[in-house]
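Trainee: Protein chains in written order, with this note's numbering: chain A, 10 to 219; chain B, 10 to 219; chain C, 29 to 238; chain D, 29 to 238.
What the hints contain is simulated information worked out from the structure, not anything from laboratory work.
Do not rely on the hints blindly, as some may be mistaken.
Unchecked claim - Below are the DSS-like pairs computed for lysine-lysine, each with C-alpha atoms no more than 25 Å apart in a straight line: (1) 24/A <-> 58/A; (2) 28/B <-> 96/C; (3) 169/A <-> 58/A; (4) 97/B <-> 24/A; (5) 97/B <-> 58/B; (6) 169/A <-> 96/D; (7) 24/A <-> 96/D.
What the hints assert, rightly or not - Far from chain B, some chain C residues (derived; all Cβ distances over 12 Å): (8) 74; (9) 86; (10) 87; (11) 89; (12) 91; (13) 93; (14) 106; (15) 142; (16) 144; (17) 154; (18) 182; (19) 187; (20) 195; (21) 198; (22) 200; (23) 222.
Glycine residues also receive a C-beta, built at the ideal position from the N, C-alpha and C atoms.
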Amino acid sequence: MDGIHDLGGVQGFGKVAHKANSVAYRPVFHEPWEHLAYSLLFLGADTLKVFNVDELRHAIERLDPRQYFASPYYDRIVAGTASLYVEKGVLSHAELEALAGGRFALARPQGLGRPARETRPPFEVGDRVRVAGAFVPGHTRMPGYVRGKHGTILHRTGVKWPFPDAAGHGRPAALEPTYHVEFKGSDLWGETAEAASVVVDLWEGYLDKA
Amino acid sequence: MDGIHDLGGVQGFGKVAHKANSVAYRPVFHEPWEHLAYSLLFLGADTLKVFNVDELRHAIERLDPRQYFASPYYDRIVAGTASLYVEKGVLSHAELEALAGGRFALARPQGLGRPARETRPPFEVGDRVRVAGAFVPGHTRMPGYVRGKHGTILHRTGVKWPFPDAAGHGRPAALEPTYHVEFKGSDLWGETAEAASVVVDLWEGYLDKA
Amino acid sequence: MSGPILEQAPVADRARALEAALRRRHLVPEGFVEDFTRLMEQDWAPENGARVVARAWVDPGYRDLLLKDGTSACAQFGYVGPQGEYIVALENTPTLQNVIVCTLCSCTAWPVLGLPPDWYKSFEYRARVVRESRSVLREMGLDLPPEVDIRVWDTTAETRYMVLPFRPAGTEGWDEAKLASIVTKDVLIGIARPDPAAGGTGGGLRGGGY
Amino acid sequence: MSGPILEQAPVADRARALEAALRRRHLVPEGFVEDFTRLMEQDWAPENGARVVARAWVDPGYRDLLLKDGTSACAQFGYVGPQGEYIVALENTPTLQNVIVCTLCSCTAWPVLGLPPDWYKSFEYRARVVRESRSVLREMGLDLPPEVDIRVWDTTAETRYMVLPFRPAGTEGWDEAKLASIVTKDVLIGIARPDPAAGGTGGGLRGGGY
């Protein structure tokens with residue numbers, strides 16, 4: 010989906026609040042609850058297998074855009090994780106709000122997602138490809154800034170993964186390799202581009218032979 | 010600029026909070042300060058001529074994206090208007106904060122903008138045109154969703170206006186007509202489009218003959 | 029990171045601070061805010077657009093003028109002023125519904141429609157109506173049959189639009205005032221159609237009905 | 029409209045509520061949160077990636093393996109686990125700087141880089157580094173000469189990247205531990221280059237220096 014989480018290339022943001030090598034990275038967590046965000050996420054995704062990480066990503070994308078923008082990172086993880094526990098019937102929204110002592114905003118409803126394409130011959134390193142001009146209402150891992158763009162295959166992964174546009178909706182997902190596709194900076198951002206190239210890791214189903 | 014104000018087609022938003030013909034539109038203002046937003050804006054733009062409305066639009070686009078998303082409409086007008094009075098040297102940021110009794114967030118700095126193109130022959134009704142694939146770091150009135158798209162001229166305005174990519178930065182701006190350009194819904198949003206067409210009002214300088 | 033950015037003096041205090049700073053420099057002419065507020069609250073009203081529509085329904089010559097030169101047609105009633113310098117009327121038919129939006133900010137034909145309503149300025153409407161037009165209209169109460177095409181007009185330049193609805197059956201013999209009474213603000217924006225059952229007995233300002 | 033959406037119980041209370049709800053259903057195994065937190069706080073650390081880099085600098089065979097099969101090379105040190113199942117090392121040269129980002133969320137190679145730092149997760153970094161790479165790096169303290177190309181890697185699928193910097197002059201004769209001491213988290217992400225002047229006397233965990 011073309012959500013506000015799809016931030017690549019969005020203009021109007023200020024400086025990154027960091028000077029290279031100037032900041033201590035410990036302690037890893039800054040608030041006494043932050044460790045719970047990833048812990049309870051991986052409890053659900055890995056140990057309990059109630060949902061998968063694609064669904065978690067999509068749950069965060071389904072937060073109201075105002076909530077997404079106003080919430081710090083681990084708050085978004087908590088909100089997305091809680092949304093899935095509720096949607097999967099493990100917990101109820103009412104009990105979460107009772108325990109929290111106030112409103113506990115969850116994600117907006119999800120749609121159906123979409124299956125992977127039919128199997129096609131794989132691409133090879135050096136192939137020119139075009140990112141499909143698809144408009145996907147649900148979860149996808151194709152950032153908007155490469156839609157319809159031409160690039161070159163640098164690498165095909167030796168492992169296959171579930172197609173996220175299906176997996177992110179909890180439906181069966183075909184396994185596909187992904188490709189490291191290099192796009193010329195000027196093809197993405199015109200003369201304002203400052204990188205020689207941007208490499209995006211794209212599922213096979215997002216690509217067509219150029 | 011490809012800012013977060015460029016909302017056309019962004020997904021993830023919920024229902025519009027309105028039922029057709031069900032809501033009273035009076036009183037026009039809901040808070041006792043809201044009338045000041047447009048009043049002080051038009052004082053500066055029309056009476057004092059300290060800035061123009063393109064600059065005001067750009068000032069709002071230059072608000073921090075988090076502020077933009079968290080602020081109600083008239084709050085954004087106040088913030089943008091105040092930013093321009095300060096940038097033009099009419100008021101100082103410090104006095105605004107002293108009078109407000111707290112922080113008064115203003116817009117992020119602006120860039121240079123860009124001039125209009127050289128004059129070219131005008132387009133005619135029925136012409137097929139292509140929106141230039143430009144990546145404009147400053148103010149522009151070309152919404153991102155038509156960049157590079159093909160459309161058809163429905164109308165050329167009988168009046169010319171300052172090219173906003175220049176005017177929005179307070180620099181001299183050539184006058185150009187605008188064109189009502191019709192884009193097929195499916196050309197903009199693929200098979201998910203629900204409108205037969207979208208008509209966008211575009212300055213001549215945004216267009217090339219297809 | 030998001031917290032500090034959003035922490036500000038209340039917007040009411042910031043709006044008053046902006047006014048106070050301008051006043052103590054004697055930059056606000058006597059009565060300026062009061063006069064401009066009266067324009068916004070009283071003079072610019074959807075009843076104006078309704079009168080234009082009613083006249084076009086009963087006077088073919090005026091209708092032709094309205095469609096050819098909306099600005100002049102509106103000026104005949106004295107509907108002129110800011111955000112009304114170049115008015116274009118969009119003609120609905122039984123198989124075409126025109127809908128107005130401003131995705132980049134919230135431009136509206138103030139003199140004939142009044143100030144834009146809250147929902148028109150909402151992120152939801154701005155983001156969705158160009159892409160999910162039919163769903164948005166249905167959610168808002170206008171469930172168009174599939175044979176009706178939707179044409180969305182994005183107010184990205186200086187043209188200000190008003191919708192000219194088609195005169196519904198059941199209004200035969202009505203006078204202009206009665207006809208105007210079924211042309212609401214929502215009808216003029218294009219998210220509703222005139223409802224003959226709602227026809228009042230006269231024109232003028234109506235209460236909470238729209 | 030934005031106010032009510034953002035009003036919630038404090039995130040600390042919501043995170044604790046989620047934990048409490050899961051615990052009272054006995055869904056949280058004994059020690060699960062503590063063990064996972066130890067992994068995040070202690071086991072996954074940029075010192076791991078630094079050791080990998082130092083080994084590659086002194087052992088050409090290991091370097092070849094790292095560039096051919098990063099996952100296996102990291103597994104030789106025991107650096108395996110979630111978000112480290114498919115590791116690809118990106119080789120810098122004196123004229124090429126690789127930079128890692130995740131524009132859609134904040135994917136990172138946890139086992140070798142540690143959890144992503146705050147700035148990596150910021151909207152600023154995610155939005156800007158794919159488009160304004162050189163400016164962003166300069167602002168953060170890495171002012172690359174124009175002859176150095178930038179290649180940005182967007183972590184949009186399951187590949188997890190680490191940057192293999194080139195070994196700087198002035199480190200001749202250093203042992204692996206000392207070499208590792210100049211490979212910071214920022215170096216492994218690609219927003220800094222190793223600084224021989226910062227070389228410590230041994231490996232292991234360092235304090236606030238990075």
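Trainee: Does residue 74/C really sit off the interface, with its C-beta more than 12 Å from all C-beta atoms of chain B?
Mentor: violated (7 Å)
Trainee: Beyond 12 Å from every Cβ of chain B: is that where the Cβ of residue 222/C lies?
Mentor: violated (10 Å)
Trainee: Taking C-beta pairs only, is residue 86/C more than 12 Å away from all of chain B?
Mentor: holds (23 Å)
Trainee: The output says residue 91/C does not contact chain B. Does that hold with a beta carbon cutoff of 12 Å?
Mentor: Non-interface label stands for residue 91/C: nearest chain B Cβ at 18 Å, farther than 12 Å.
Trainee: Can we trust that residue 142/C is non-interface, i.e. its beta-carbon lies farther than 12 Å from all of chain B?
Mentor: For residue 142/C, whose nearest Cβ neighbour in chain B is about 7 Å away, the distance does not exceed 12 Å, so it is violated.
Trainee: Please confirm whether residue 182/C is truly not at the interface, meaning its C-beta sits more than 12 Å away from all C-beta atoms of chain B.
Mentor: With a cut-off of 12 Å, residue 182/C comes too close to chain B, as the shortest Cβ separation is near 5 Å.
Trainee: If I take the minimum Cβ distance from residue 89/C to any residue of chain B, is it greater than 12 Å?
Mentor: holds (20 Å)
Trainee: Does the claim that residue 154/C lies outside the interface with chain B hold up, using a Cβ gap greater than 12 Å?
Mentor: violated (4 Å)
Trainee: Would you check the hint for residue 169/A and residue 58/A, treating anything up to 25 Å between C-alpha atoms as holding?
Mentor: holds (20 Å)
Trainee: Tell me if the straight-line CA distance from residue 24/A to residue 96/D falls inside 25 Å.
Mentor: Roughly 36 Å between the alpha carbons, so the hint for residue 24/A and residue 96/D is violated.
Trainee: Run the distance test for residue 97/B versus residue 24/A: straight-line Cα separation, threshold 25 Å.
Mentor: Cα-Cα ~24 Å, so holds.
Trainee: Would the non-interface assignment of residue 200/C survive a Cβ cutoff of 12 Å against chain B?
Mentor: holds (22 Å)
The structure shown violates the earlier hints numbered 1, 2, 7, 8, 15, 16, 17, 18, 19 and 23.
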